[in-house]
Structure formats: C-alpha cells, structure tokens
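Trainee: All chains, please: the whole structure from these sequences, using the hints.
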Amino acid sequence: MDQVDAFFVMTTMKMLAVLCLFVLGALSAPERDGDLYDMFDAKMILEDDKLRSKAIDCLLDRGVCDDYQPIRDKGPRLIKTRCEDCTPEQKAVFEESMKILEEKFNNDFKEIIAKYA
6 MDQVDAFFVM TTMKMLAVLC LFVLGALSAP ERDGDLYDMF DAKMILEDDK
56 LRSKAIDCLL DRGVCDDYQP IRDKGPRLIK TRCEDCTPEQ KAVFEESMKI
106 LEEKFNNDFK EIIAKYA
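Under our numbering, the first residue of the sequence shown is numbered 6, with each subsequent residue one higher.
Because the hints were derived from the structure by calculation, they are not lab data. Note that the structure is a prediction, hence the values are computed from the model and not measured. Keep in mind that the hints are not guaranteed to be accurate.
Quick list of simulated restraints, FRET-style, between CB atoms [as the list claims (entries may be wrong)]:
id, residue 1, residue 2, range
1, Pro93, Gly68, 27 to 37 Å
2, Leu56, Lys104, 25 to 35 Å
3, Arg77, Lys115, 30 to 40 Å
4, Asp62, Glu107, 12 to 22 Å
5, Leu56, Glu100, 12 to 22 Å
6, Arg67, Pro93, 13 to 23 Å
7, Pro93, Val69, 29 to 39 Å
8, Lys120, Leu56, 15 to 25 Å
9, Glu101, Tyr121, 17 to 27 Å
10, Ile118, Asp78, 25 to 35 Å
Within a straight-line C-alpha distance of at most 35 Å, the following computed DSBU-like cross-link-like pairs (lysine-lysine) qualify [stated by the list, open to error]:
id, residue 1, residue 2
11, Lys109, Lys96
12, Lys79, Lys104
13, Lys104, Lys85
14, Lys59, Lys109
15, Lys96, Lys59
16, Lys120, Lys104
17, Lys85, Lys115
18, Lys120, Lys96
From the three backbone atoms N, C-alpha and C, an ideal C-beta is built for every residue, glycine too.
Mentor: Set out below in structure tokens:
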C-alpha cells in the first residue's frame, strides 16, 4: 500500500469513528418528560373540546390514545413530579396548562390529580 492509500484509509477510519461517536451521543441523550410540550401545543388542545376530551380520556385510561400516547406515557410522571426535569419554558407551559384545567375543567383536573399526584 502506498502512502496515498494509507492516508485515505486512515482518514476514512477517523471519519467513521467520529460519526459513530456522534450517533452514540445522539442515541444516549436522555429523553425528558418535558419534551412532551415540544410535541404538542397544550394550549390548542385545551381550547378545543374534542382534542381536550380525547387527550384527557387517554390520560385517564378512558379511551384510545392514538396520537396522544406520549401524553399517557409521560403525563403521569410530569404531574407527579410537577415537571421537575422540564426546561423553564416547558415548566411554564405545564403550570399554565394545570391552571387552565383547574379553573375551566375542574372535574377533569380533580380526576387527574387524584390519579397521578
């Protein structure tokens, strides 16, 4: 193998090693419960009767979740921990959502708190 081939092989191996480290880093980054607020527009869901009912039914195991499965998966821990691992922005959305639920949909709020808090 001449020097050009050896250089090419070494360069390719280094690039593959860097790519593998990047992929492993991306895969091992912890997913946070607060990421739920990056997936869904909580305010829009709460303002739409049909969407709100479907999301709450999913969260309370009263209906099929479909697109709202992440709410069922992450919601209980978010409620129990009061969004402790959330970013400040996610925590603000959490607090606003809980306030809207408590003020406008108190029966649903009480059921959710009774089940998960």
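Trainee: State the violated hints by number, sorted upward, taking the hints as numbered earlier in the document.
Mentor: 2, 3, 6 and 10
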